[in-house]
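Q: Spelled out from the first residue to the last, the chains are:
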Amino acid sequence: MTHSNSPSQAQTIYNPPFSRIYVEREAAEYPLAKQILARFPGADVVEIEHYKDVFNRSHQSFYHQKQAQALILAVKKGTLIYPGAPVCQNFGNRHFYYTSNIMNCIYDCEYCYLQGMYPSGNLVVFLNQEDIFSQAELLLKEHPVYLCVSYDTDLLALEGVTGFTRNWIAFAESHPDLTIEIRTKSAGFAAISDMTPSKRAILAWTISPDAAALLCEHRAPSVGVRLQSAKAALDMGWPVRLCFDPLLMLPDAAKLYREFVEEVFRLLPAERILDVSVGPFRISAEYLKQIRKSRPASALLSYPFEIHGGVASYNREACAALMNYVYGLLTEHVKPEQIFRYEEE
Amino acid sequence: MLLFATALYCEAAPIIEHLHLKKDISSRAFDLFAGEGAALVITGTGCADAAAGASYLLANHPPEENTLFINFGTCGCQDLQIPPGSTFLLNRIRDEATGRVYYPDLLFAAPFHTAGITTLSRVMTSARNSAADHGCSNRLVDQESSALYQATRHYLKQHQILFCKVVSDHGAAERITPDSIAELLKEPARQLLSWLAPIEAALIQPSDPFTPEERTALCTASEALHLTEAMKAEFLRLAAYAALTGKHVSELTAPFLAADFTCKNKKEGKQYLDALKFALSGADNL
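Listed in order, the protein sequences are those of chains L and D. Under my numbering, the first sequence is numbered contiguously, ending at residue 345. Under my numbering, the second sequence is numbered contiguously, ending at residue 1286.
No lab work stands behind these hints: they were computed from the structure. There may be inaccurate statements among the hints.
[Claimed, not checked] Now the in silico label distances, taken between C-beta atoms and shown as ranges:
| # | chain 1 | residue 1 | chain 2 | residue 2 | range |
| --- | --- | --- | --- | --- | --- |
| 1 | D | 1275 | L | 214 | 26 to 36 Å |
| 2 | D | 1278 | L | 266 | 16 to 26 Å |
| 3 | L | 130 | D | 1275 | 50 to 60 Å |
| 4 | L | 92 | D | 1275 | 39 to 49 Å |
In this text, a Cβ means the ideal position worked out from N, Cα and C, and glycines have one as well.
Please model the complete structure; the sequences and the hints are all you need to start from.
A: This is the structure:
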């Protein structure tokens, strides 16, 4: 693919990330709010009543806001933990849930569903993590819980700002029936490397061939440093999951993925990997429609997707071929029972 | 395009002068000025006139992706420490009448400080009789911002709406004349315009992957295939994907433009379209 929708050429006109911080009146009372504000002393701080007054405004440009991302500090009310979505993998866990301590991500991946899901590219941090813990404890009274804590964001990438990952790991460690997954593209393992590894906190790295990462995972760390981070975690004894998801239909996909899988397992000891997930690029057709408007020059998004049950993905034959091919490559390194394939419902 | 709204002519004067705008004598409802890549409306003071004037401007100059709307003008200030001439971009607008608060997006690195403003329905007569009396921390006051924000957000994305305000007085018995305002705004106007130019240029995203010749060929091929409007849109998207992935659009259109190519109706056209879609899907690449 020759074209991407990289924002780099226009970056100089934008404010730096987090140079504007909106703070809910109630959130301002939290010690974490004070810590975060102290971390960004030059920020333009604007008091707000409710995060939705800023985040849910009409006619926002996700794309442009992402180039000058503002931070919104808020307190979330109501339901804080949700049942896992069908387009997400449950890894064999019956009681699969997710939570959003943070909405949005600091990276700018062209394929990201958040661009279609959220009205704003700004980042909302819900400071009341203790309230999420309380709701998790209520669920734990009913049954074991498998909870994905970094779905609609990248928690580890923001660890230096929030400390949420560390808190989640400590919480999981003190609740035997809880297993959490912390999904990330960051190279930020060092932020938690002083902790004792927890068997109930799965560190899951999303990885793609370098060509794909360079083309469409803007501002995300290179795959090489992600893998180094994963290796450091493995060496310390953390459970590490590798997510080959989304698989992207790139020119020379076969060669790219073959070389990539070889590279991954040259660096990482396959026998110590907890498991691997593999899934094709898939997105709500409605989200895709919106994202295409904001990224008109994205080769990735202009692919002639097929829509089945409201979900857009690659041509079924092409998709099956790509999935089978990568699955085959993975079985050369890990046992089939360790590989979780996304299956269309 | 840069679209300006000011309440008074004396606030518009430095912009008109810098951009060499000419009065549009055909405009009857409001005084409208226009030039290359810019237009300006003088709305008059107060919310109703401001909203009507901004809508008039935007209806006459329909906004595009790189349009920026700027409310430029003076404001009062309740903080005596802030001298006249101080220039701010607004990050918070409180409507005194309704209590609603609006938050303009400030995405672009600017040479100005930011501040909140309260839009009052009457002239501020003293620093004490100001926003502070209405339980608001905003330091600035005016009579138009909230209405302009509410009117323009129907036409523009949030980041395209900007408010640049210059402190003219503290509501005391300061003597303000049209000439003194025009003089006061000269330097802020110069700064504002030099700040806006690169932003306007950078807001355009590459959106058309085709050359004019390729576009003509695609239209001719669409006709040869008897495509409906919806099918044509799909055909163009397929061609865009081909172009963005390094293929030549001419190779894609050539079979349909050949002298011996025949396609009887849209049903046959759809078959060709499906075949093209399959060929581009990568299904046979693995």
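Q: For every hint, state whether the structure bears it out.
A: Tested hints:
no. : hint                          : result
1   : D:1275 with L:214: 26 to 36 Å : 32 Å, holds
2   : D:1278 with L:266: 16 to 26 Å : 36 Å, violated
3   : L:130 with D:1275: 50 to 60 Å : 58 Å, holds
4   : L:92 with D:1275: 39 to 49 Å  : 41 Å, holds
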